[in-house]
Structure formats: structure tokens, C-alpha cells
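Line by line, the protein sequences are chains C, L and P. With our numbering, letter number 129 in the first sequence gets 129, and the count goes up by one each step, no holes. With our numbering, letter number 394 in the second sequence gets 1394, and the count goes up by one each step, no holes. With our numbering, letter number 67 in the third sequence gets 2067, and the count goes up by one each step, no holes.
Hints were generated in silico from the structure; no laboratory data involved. It is possible that some hints are incorrect.
With beta-carbon atoms standing in for the labels, derived distance ranges [said to hold, decoys possible]:
(1) 1115(L) / 119(C): 37 to 45 Å
(2) 1504(L) / 88(C): 24 to 32 Å
(3) 1152(L) / 115(C): 24 to 32 Å
(4) 116(C) / 1154(L): 55 to 63 Å
(5) 45(C) / 1154(L): 37 to 45 Å
(6) 1166(L) / 2241(P): 38 to 46 Å
(7) 2188(P) / 1486(L): 56 to 64 Å
(8) 1318(L) / 119(C): 54 to 62 Å
(9) 94(C) / 1152(L): 54 to 62 Å
(10) 140(C) / 1154(L): 35 to 43 Å
(11) 99(C) / 1251(L): 49 to 57 Å
(12) 1143(L) / 284(C): 24 to 32 Å
(13) 99(C) / 1143(L): 51 to 59 Å
Cut-off 16 Å, straight-line C-alpha distance, at most; resulting in silico cross-link-like pairs (EDC-like, lysine to aspartate or glutamate) [claimed, not checked]:
(14) 2050(P) / 1111(L)
(15) 1166(L) / 287(C)
(16) 1209(L) / 1263(L)
(17) 331(C) / 1130(L)
(18) 2197(P) / 2184(P)
(19) 1166(L) / 349(C)
(20) 93(C) / 145(C)
(21) 1306(L) / 1235(L)
(22) 1009(L) / 2248(P)
(23) 1150(L) / 293(C)
(24) 154(C) / 99(C)
(25) 331(C) / 1126(L)
(26) 1306(L) / 1232(L)
(27) 1094(L) / 2248(P)
(28) 2030(P) / 2003(P)
(29) 1009(L) / 1066(L)
(30) 2131(P) / 1232(L)
(31) 1144(L) / 1154(L)
(32) 1368(L) / 158(C)
(33) 1009(L) / 1071(L)
(34) 331(C) / 357(C)
(35) 132(C) / 107(C)
(36) 1150(L) / 272(C)
Here a beta-carbon is modelled for each residue, glycine too, at the ideal position from N, C-alpha and C.
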Amino acid sequence: MLSHYTYFADISCLESLKWGKAPFTICGSMCGIISVIDRSGEPMNGSAIKNALSLMNERGNGEGAGYAVYGAYPDYADYYALHLFYDNLVEPKAIVEQELEKWGTIEVSEMIPTSEQPRLRREHIPWRYFYKPYPKSMGTAATEEDILIHIMNKINTEIPGALLFSTGKNIGIFKASGWPEDVAEFYRIQDYEGYQWLAHNRYPTNTSGWWGGAHPFNLLDWTVVHNGEITSYGTNRRYLESFGYKCTMYTDTEVVAYLTDLLARRHALPLELALKALAPPFWDEIDNMPENERQLNTTIRMAYGSALMNGPFAIVVANSEGIAGITDRIKLRPLVAAEAGERLYISSEEAAIRVMEQDLEHIWMPRAGEPVIGRVR
Amino acid sequence: MPIGSTPPKYRVRIDNDRCMLCEQCIENCPYGTFRKEGNKILVNSRACTGCHRCIAMCPRDAIDLEEKPVDYRSHPIWTREAREAIYNQARTGKIILAGMGNILEVPPIFDRLLLDACQVTNPSIDPLREPMELRTYIGKKPSKVEVATKPNGDIELLTHLAPNLKCETPIMIGHMSYGAISLNAQLSLARGAAAQGTFMGTGEGGLHKHLYPYQDHMIVQVASGRFGVDIDYLERGAAIEIKIGQGAKPGIGGHLPGEKVDESVSGTRMIPVSSDAISPAPHHDIYSIEDLAQLVRGLKEATEWKKPVFVKIAAVHNVAAIASGIARSSADAVVIDGFRGGTGAAPRVFRDHVGIPIEAAVAAVDEKLRHHGVRNEVSVIASGGIRDSADVTKTIALGADAVYIGTAALISLGCRVCGSCYRGLCPWGIATQRPDLVARLDPDIMWENVSNLINGWTLEIAELMGAAGINSIESLRGNRDRLRAYMLDENLMEVLDVKTVGAGA
Amino acid sequence: MAEKISIDAEGLHYTPLNQQIRAAVAAGAKEIVLDNVNGQRFIGNGLRGKDVRITINGVPGGDLGMFMSGPTCIVHANAEHAPGNTMDAGTIYIHGNAGDAVAHSMRGGEVYVKGNIGYRGGIHMKEYQDKKPVLVVGGRTRAFLGEYMAGGLLIVLGRGYTCPVDERGIGTGIHGGEIFIRGEVPEKHLGIGATKKPFTEKERELIRPYIKKYCIEFGIDDPSLFEDEYVRIGPASARPFAGKYTWE
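With the rest of the complex left out, here is chain C (with noise of 0.2 Å):
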């Protein structure tokens, strides 16, 4: 169950805006993702994923690509890993530390360890922080994730030349502007170990792309790689703001992490529910369903109807426990979900599931709207 403890609300990350780019990204129609989950928790290193991913070349323009890793790193698996973007390592730096040390304490500072890649124009300096909040310094009421929000909202909204991207415990992000096996090779991604993977090769369309644009998108122990374009982003975000939300990352996909934040934490519904409301089965479908069933699937959709995103999409979004995928209802982007063993896979591609896994056992497209849940034991 993807469950307890993220907290996304009154966050605003006015990252695009500092960063002097012009806001809005959608990911457009062409992007790859690729997903995997190993259920009994065994590590698995990101070589294998990196090369699935260069295999969905055609899928992106080179313009973005990242990888998110569950699992990354173990010996500080109780603090929140903090990872920055910063212009240079004098002002900003010197200012995010000190924000940093008035809600908690640094345990370690250090530079994300990159190799320099012919191709990839390095243009910000990856920096990451193993991090720990005093309990209670932000009075009695405020949890760790208030106080990882509230920096957040600092951070990228006051702080130019510094942008926070990744404040999941034990999760990395690695993304940049560039093609998968640079930026894979620019971050040495073969060389981290974790029990669930996600990926993504981006193809922006309404903007040219940025490091902060890139995917995955993190926020606490939720990410998210998305491959669509929302239409009702608008009626999306409006909704979302009414419950505290502030949509400010000026892409579509954040309203996948906040929705899916809302409905499956703060009220409670099962994973299979939240993303049924997010991709809910057509009226028609609904009236013809068994009593029982069509009065869930009529108040679902009555009290989710701002909820409900449209045009197309294929999304996966983790947490800790596990990755969900799913398409929108009418299946306008492509989905594949495999299974090998304690592996479920999902991805755009087939062939990128077979890059990773010669022995599917089991491989199918999920029907529209129809979510794939991997959980870990």
C-alpha cells in the first residue's frame, strides 16, 4: 500500500520561474518510460536500466532523461536525501546551508559524483545532503515533512541559483538535460544498487528543455515519470488548490503526484481506487456495471470528477512500497507490463522490458485506464 507519510500540501516550487525558463513543461507525445520493482526487495543496479532506456532513443530528443532509485542509499536510510542543482558553489551554497542548519542537521555534504560526457553541457553542479530535521522545530503540530516542505518552498522560490529536486529517505534522482546514456554515464547510474527503478527519455514540446524539467519528478517519498499531456490540467490543478495544494512546478505532471497523494493518503483509498478515480471507466460502462460495483464506481467518479485526467497520459508513480502504473481511459499513449520471477516491469516498450529481461514469463498491455500494481513483500 502506498500510504503513510508524504505530505505535498502548501508546497510551491517556483522552479522554472527563478530559473529564469519559460514555464510549462509537458512532456508531449513522445517520451519513453520504463519502470521495474523487484517484489522481494533484491537490489538490482542501474546498468540494466540504462540500457532499456537508450533503446527508447526514438522516444525522446535528447533535450532530458533521468532515473529515480529506491533503495540508493542504504547506510543513510534515515535521512532524507537532498539533492541540488547549484549555479555555483559560493553564494547559493552558502545560503541553502544555512537554511538547512536552522531546521536540522547536515550529516553529509558532498557533490554528486559525475563524469564529464563530450555531449552533455554541464550546467548546473549536482549536490546532495544526507539530512536530518530537529523533531519539533517548526512547533509541536508540524511532522519531518512539513519542515522538508517548507525548505523546499524556500529553497526554490527565495534561493536563486539552487534548485531541490529530489528529498525522498533513501531515494535518488538523477536527471539533466541530455540523451539516457549520457546522462546515465554522467552520473555513473550503473554504479547505485536499489529495489525499484524508474526511468525516463524526454521529448518536451512546449519548452525546450531544462535539468529541472527533466523526469522523474520527486517530492518526498513519492516520484513520478509521465509520458502524455494532461487537458484537464487546468480543472486538475484548481481542485488540488482546494485542498491546500499549490501546483507551481508549472508541469502537468505534478498534478499526478498531488493527486495521487490526495486520494490514496489523505483520504485513504486503496492504491486501485485513487487511480480508478484518476482514469475512472466511462458512464455507459458504469450504468451496466452490478449494483454494488456501479454505486462505488458512481460516487468515485460524482466526488473524483475534478480528479479525472484527461487527454493522454501513461504515468508510473512509486513510493517507497511499491510503482503503479496506468493509462488514460482511452489509451492514447502506450503501456507494456511484464513479469519475470519477483520483477514487474512497465514500460512504453516492450522491447525496452526485453533489453532488462530475456525470461518474461508473462507479458501483457494493460487495458485502458486499468492500473498495474507492483508491491513490495
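Put chains L and P on the given structure of chain C with help from the hints.
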């Protein structure tokens, strides 16, 4: 009266070469514009209201109509209307009543809003072959759904839905009372609405028994006069609407003049024949928001909480805060009627100068309800000057769940918007109770016009949604990102929360 | 189900209270006694049943008998605002005083108040064919009595007052029905469209049965209520505001 007469509004001419003396014009004009003398049709142009009935019925196209054949010296401030109102009041010393909607010459905001469509980056959806959902539920929705998972994995639903109206299109027909319009007009509207799986309002005139077959598609109104309101009436309606105000005349009541209260109208309103039907300005059991809440609950209690209760208000300056109060009163929907809303009769000064446009009102109400986290608690129905499917689509994108149409539905029955409803002689059989005129409107034929209109608009909305890559009306609601402002000022764009044309995503 | 049942309304919300009343009526109860009523609104709201008597011990909340069609409610206490609101048929007896807008928009049935009522009593009462609403007030009333009245009878007995409606706006906009006031009515208190009319034996006979019902219910023996002169107020025309408007 030493000023003499004002210039005629119309000049009617007969082309005697074309006229075949069939006398259709004489028969059709209840105002006495035409008469036959010898071998000629003679015309009294001053009697003409511009209703076009004679033109529509003339088999030879022999009638020519000219508006304002003699105009005043032109002046940008002292318009013809301004001058004639003064002549009228100098003569009578009274309040001027006028028909139909606002005539102020300001462009509708709708015309300054443009809709979006998909190109390349995502596919438009083809309503011919893909499912396209316009079904709209009007009523309270739960803000969250609670379920319990049973040991066997089955999911048990713990949340119970409040009663909602299920509309197959977001277009409903607003409240026009029996008395204000004829029974045949109401029958045509009701049957047309029912055929399209949508709803119409009774207005404050009670529910005539001939409408009982359509009662499941009717919203019964409770206005300040409480005409025709008893427990039977409340139980017959699919929903109940409390009318607080209307866009054409916010803040004041209404009078159905005694001469329109014939035997039949008196029966449905439950008042004596020829008695004025006076709807007081406020409800005298509602002097505050908690009183409104009490009436809402009173109606629900009377109908055992089985009917959604709507509250209709005129779009006034503080409409958002008022709607927010209504949302927290147990009401299931709030109806906002903009300043272009039509009427049979309203004081001219109210019709033209009180209230605000529906576009701004819907945007403000939607925003306020979201801000208070109660948007799901009520549906928002917008009305007042909605002319076509583009207006409907834009209204929904601004935040409404559905719209009421009034004048547009009457136009589908032949109304020419001549604005003489108050004369009670409507030649189209709509705003009249005179039996020979009412008989001109055959509900067994004309319901199809109403049904066709709603069907046509619904098809167009589906096309517009498909072009925008949206296949469910829920995803259009409040989706202001799919609107762009063209030549609107910055303040208004802020209220509407739309970007200018040319601005990207 | 027994013909007579009691319901303890202590701490009960009006919705379950009304549900219990409806269930009792549906099961054939004719006498329903509500004990410990205190502030529950909408009692008998929309209730049907011609020969049902509901005795209310305690102060009912507003809108008592709203939309009610048939039953009789007897209140052994004061009542709040708008008892008999938009009532269709039936009778309400209030052994005490009542608040504002008593019998608002009442279209049928009878409301008897032993003592005084507040503002806007009988506002917009209206009659149609055999439905003729009647409001009888034993004491005095406040301003705006019988405004917009479109039918029915409004009788003020003025017990203990020489000028029981000593306030403005009596019968403003009245266009049907009549108001009878026992006592003085200064001309200046009459609203627009209201006019005094001769009180003859015919009118005395018209109001007699209602005064009688009042006396029987509240146990009052006072022949002067039947013998005294009443001021009769009715509409000057059925179109009180016709002179206010002209057409465009």
C-alpha cells in the same frame, strides 16, 4: 400633451404587386397593424412591435419592415432610448417597465474569450468514434469517498451520495413560469428537455397538471410569492429551487399583472382569477443567510431529504461571498443569473443597470468556493444571456457545472425577441394566455424544436471538447487554461483567471 | 400501533423526530404527544393526515407546520417564528405567544395564537377556491400586519389592548382577503392599497366561528369578543401597484 408623438419605431410596407390579398397578415397580427380596405391591405405602422409574425406567415414575401424609419438627430449620449424614456416619464411620472434582457451596448465577455484546440502534441478526440461524455450530475458531491476493505478483499462503500439530478447534457432550461409564458410553451419546453435527458424549471407559477408526465424532468420553484407551492408540488419535482433573485432585476420582486391571471393560471398559482400575483422583493421568511439555510432545510425536511434543493441568485457585486454562504446552507446547487438574463417585464433601470455579467460571476464564484474548499459541496448553474454552444462551453470552462437557457429556448419556439412580452399578445403563442394565440404554438410539433436545439448544441460542445482533447465534461469544468482572453483588460483577466491570446501554456 | 403514542423529544434532532412522527402517522396513530420539545424546527413539516393531532409540550423551533397538509398541532408553550409557514391545510393552536412572520404565505388551514405575535403576521396569506387561510391572534401584533395579503382572514382580538396594532404598515399591498381588528386602528397605520370598509352583521357572522374556536381551545369566556365592533380592512383594489408603472 404638448410634446406630440415620438417617431414610429417601425415602418411596415406592403408590396402590392406581390400581395395576393390572402389576409394572413391581418389574421396573424394581434396588434392590429393591418386592415383591408377595398382591394388593398393598409398598414398602421405604429401598431407594429417588430415581431415578424406577418413576415413569417406571408406566402408571397410581400411585407417589408424597416426599423427606425425616422430617427432623431444623432447624438452619442442622448440616444433615442434616453430621449424616449424622458418623454415617457414626463408624460406619466411612473417607473418604466421593459421586456427581454439588458440592452446596454457593451460587448459580452464571452465574445472576448477564445477556446483551445489540440495540434500535434496530443491528439484531438473524434466524437464520431470515441466516447464523449457530457453527462452532468447536479447536486452535492462528497468531498471524499470512504470505503472499507472486507477480509475477502471486497470493497464496501461507506459514503452515501446525496440526491443528484442526472443530466445527459450540461444544458438545462431555466425557470419561465406558467403565466409569464403559455402552457403550450411550457409543454414544448418540458417535452423537449425530457427528450434530451435534461431538466427545465417551472418558474414561480406552480405546476400545471398537463406537465405531470414530465415532472421527473422539472425543477419546481419556490419564490417569494410561494405561488402554487404545497407539499404535492414539492414532491412532484425532480428538484426544488428557491428563487432569491434574477439577473434581469436583482433585488426586486415581480408582479404578474391580474389580466394574465385567467382561470387556468389562477389554478396552478392557486390564487383568485384576475388577482395580481405579487412576488415580494425578499422572501419574508428569509432575511439572512441562516434564514435561507432554514428554508433549504425546511424544504428538505418536507420532502424527506429526497430532493436536491437549488438556490438561485442574481449575479451582484458580492456574488462570490453570497454563493459561498449558500454552499454552506445545505443547498445542493447555486444558480447564478447574470445581468443579461431575460424577463417578461422588469423596470428598465434595473434590467440595464443592476448586476454583473455571468462570465465574471461564474469565475468569481468558482474561485471563492474552491478557496473555501466547498466547491464539491454544490453544483454551479449559470444563466443569463447564453446564446450558443460556445457560450456554454466557455461558461463551463470558467467553472460552471451546467447552464440554464431561457431566451434561446424561446427563440427555438419562434420568439423574435421583440421585447413586447408584457403586452400579453405574443403572436407566437409564447408570452400570452389568449387562447387563439396560444393555439398557434402546437406542443406536439414544437417540442422537437427545443429538443433539436439542445441536441445541436450538445453535439457542438462534444466537438469542441474533442478538439481540446477532452472526453469528459468534468475535465472542462473550471479548466480556464483552455481559454484565452482577446482584448480584455488585465483586471478582468485576473478575475477570470485566464491568460491573454498569444500566451503559451 | 396504538392510536395514541408519545415521543420523548429530549435532545432529538428535528430530522429523526419528524421521521418518528411520519412513521407513527403511517402506522395509524391519531394522537401523538411530543414531550420535552425544545427548539426543534420544522415539526410536522410537509406532514399529511387529516385527523392527526400532535400535542407539543415545550417550545417548538421555527417553521412549525410548514407545508403541513391536514394535521392539528397544539403547542403548550410559546412558538418561534413563522408557525404555519406556507401551510396548506390543518390547524395550529399556540397556547402562548408567537414570533415574526406567523402564517407566512399560508394558503389554507387555521392558526390560532392565544397571546401576541411579532412583526409581519399573516404576510402574503392567499386563498384559492375552497382553501381559505385564517389567522386568529388573541392579543396584539407588531408592524406590517397582513402585508401583500392575497386572501383569507386575519383576525386580531386585541384582548387587553385598546389599540392592538399600534404600528405602521397594516395591509400594505393587500389585494385579497380581509383583516379584522377589535380596537382602534389609526388611519396613519394603514399601508398603501389598504382601506377600511364597513363592518356589518354579515362580517360578524363570517368571523364568529373562528372566534368561537379560539374561545373553546383556550378556555375563554368573553361575550364582548362576539359583540364588539371590529375594524374591517380590505384591499382598495386587486391591483394595488398598478399605478406605479408605465411601459417602455
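Okay, the hints, checked on the actual structure:
A C-beta distance of roughly 41 Å is found between residue 1115(L) and residue 119(C), which places it inside the suggested range of 37 to 45 Å. The hinted window of 24 to 32 Å between residue 1504(L) and residue 88(C) holds, with their beta carbons roughly 30 Å apart. Checked against the given bound of 24 to 32 Å, the beta carbons of residue 1152(L) and residue 115(C), roughly 54 Å apart, lie outside it. The hint said 55 to 63 Å for the Cβ distance between residue 116(C) and residue 1154(L), and at roughly 57 Å that hint holds.
About 41 Å separates the C-beta atoms of residue 45(C) and residue 1154(L), a value consistent with the hinted range of 37 to 45 Å. Separated by about 42 Å at the C-beta atoms, residue 1166(L) and residue 2241(P) satisfy the suggested range of 38 to 46 Å. Roughly 60 Å separates the CB atoms of residue 2188(P) and residue 1486(L), a value that falls within the hinted 56 to 64 Å. Checking the proposed 54 to 62 Å range against residue 1318(L) and residue 119(C) shows it holds: the Cβ atoms sit about 59 Å from each other.
For the hinted restraint 54 to 62 Å between residue 94(C) and residue 1152(L), the CB-CB distance of approximately 58 Å keeps it satisfied. Hint check: residue 140(C) to residue 1154(L), Cβ distance near 40 Å, so the stated range 35 to 43 Å holds. One distance hint, 49 to 57 Å for the beta-carbon pair residue 99(C) and residue 1251(L), holds here, with the actual separation near 54 Å. Taken as a hint, the range 24 to 32 Å holds for the pair residue 1143(L) and residue 284(C), whose Cβ atoms sit roughly 26 Å apart.
Taken as a hint, the range 51 to 59 Å is violated for the pair residue 99(C) and residue 1143(L), whose Cβ atoms sit roughly 35 Å apart. With a C-alpha separation of about 58 Å, the suggested pairing of residue 2050(P) with residue 1111(L) is violated against the 16 Å cut-off. For the hint linking residue 1166(L) to residue 287(C), the alpha-carbon distance of about 12 Å falls within 16 Å, and the restraint holds. Note on residue 1209(L) and residue 1263(L): the hinted pairing holds, with a Cα-Cα distance of about 14 Å set against a maximum of 16 Å.
For the suggested pair residue 331(C) and residue 1130(L), the alpha carbons sit about 11 Å apart, so the restraint of at most 16 Å is met. Taken as a hint, the residue 2197(P) and residue 2184(P) pair is honoured in the structure, with Cα atoms around 14 Å apart against an allowance of 16 Å. Note on residue 1166(L) and residue 349(C): the hinted pairing is violated, with a Cα-Cα distance of about 40 Å set against a maximum of 16 Å. Between residue 93(C) and residue 145(C), the direct Cα distance comes to roughly 22 Å. Violation of the 16 Å bound is thereby established for this hinted pair.
Under the criterion of a C-alpha separation no larger than 16 Å, the hint pairing residue 1306(L) with residue 1235(L) is consistent with the structure, at around 9 Å. Taking the CA atoms of residue 1009(L) and residue 2248(P), the gap is about 12 Å. The hint holds against a cut of 16 Å. Restraint check for residue 1150(L) and residue 293(C): the C-alpha separation of about 14 Å stays at or below 16 Å, so the hint holds. At roughly 8 Å between alpha-carbon atoms, residue 154(C) and residue 99(C) fall within 16 Å of each other, so this suggested pair holds.
About 14 Å separates the Cα atoms of residue 331(C) and residue 1126(L), which keeps this hinted pair within 16 Å; it holds. Distance check on the hinted pair: residue 1306(L) and residue 1232(L) sit about 14 Å apart at the alpha-carbon level, within 16 Å; holds. Between residue 1094(L) and residue 2248(P) the alpha-carbon distance is near 11 Å, which keeps this suggested pair within the 16 Å criterion. The hinted pair formed by residue 2030(P) and residue 2003(P) meets the criterion: a straight-line CA distance of about 5 Å does not exceed 16 Å.
Our distance criterion of 16 Å between C-alpha atoms is met by residue 1009(L) and residue 1066(L), whose separation comes to about 9 Å. Taking the CA atoms of residue 2131(P) and residue 1232(L), the gap is near 15 Å; set against the 16 Å cutoff, the hint holds. For the hint pairing residue 1144(L) with residue 1154(L), the CA-to-CA distance comes to about 19 Å; that exceeds 16 Å, so the pair is violated. Proximity of residue 1368(L) to residue 158(C) is assessed by CA-CA distance (about 28 Å); at most 16 Å being required, the pair is judged violated.
A distance of roughly 9 Å separates the Cα atoms of residue 1009(L) and residue 1071(L); the hinted pair therefore holds under the 16 Å criterion. The suggested pairing of residue 331(C) with residue 357(C) is violated, with an alpha-carbon distance near 25 Å, which exceeds 16 Å. A distance of roughly 7 Å separates the Cα atoms of residue 132(C) and residue 107(C); the hinted pair therefore holds under the 16 Å criterion. The straight-line distance between the Cα atoms of residue 1150(L) and residue 272(C) is roughly 15 Å, inside the 16 Å bound, and the hint therefore holds.
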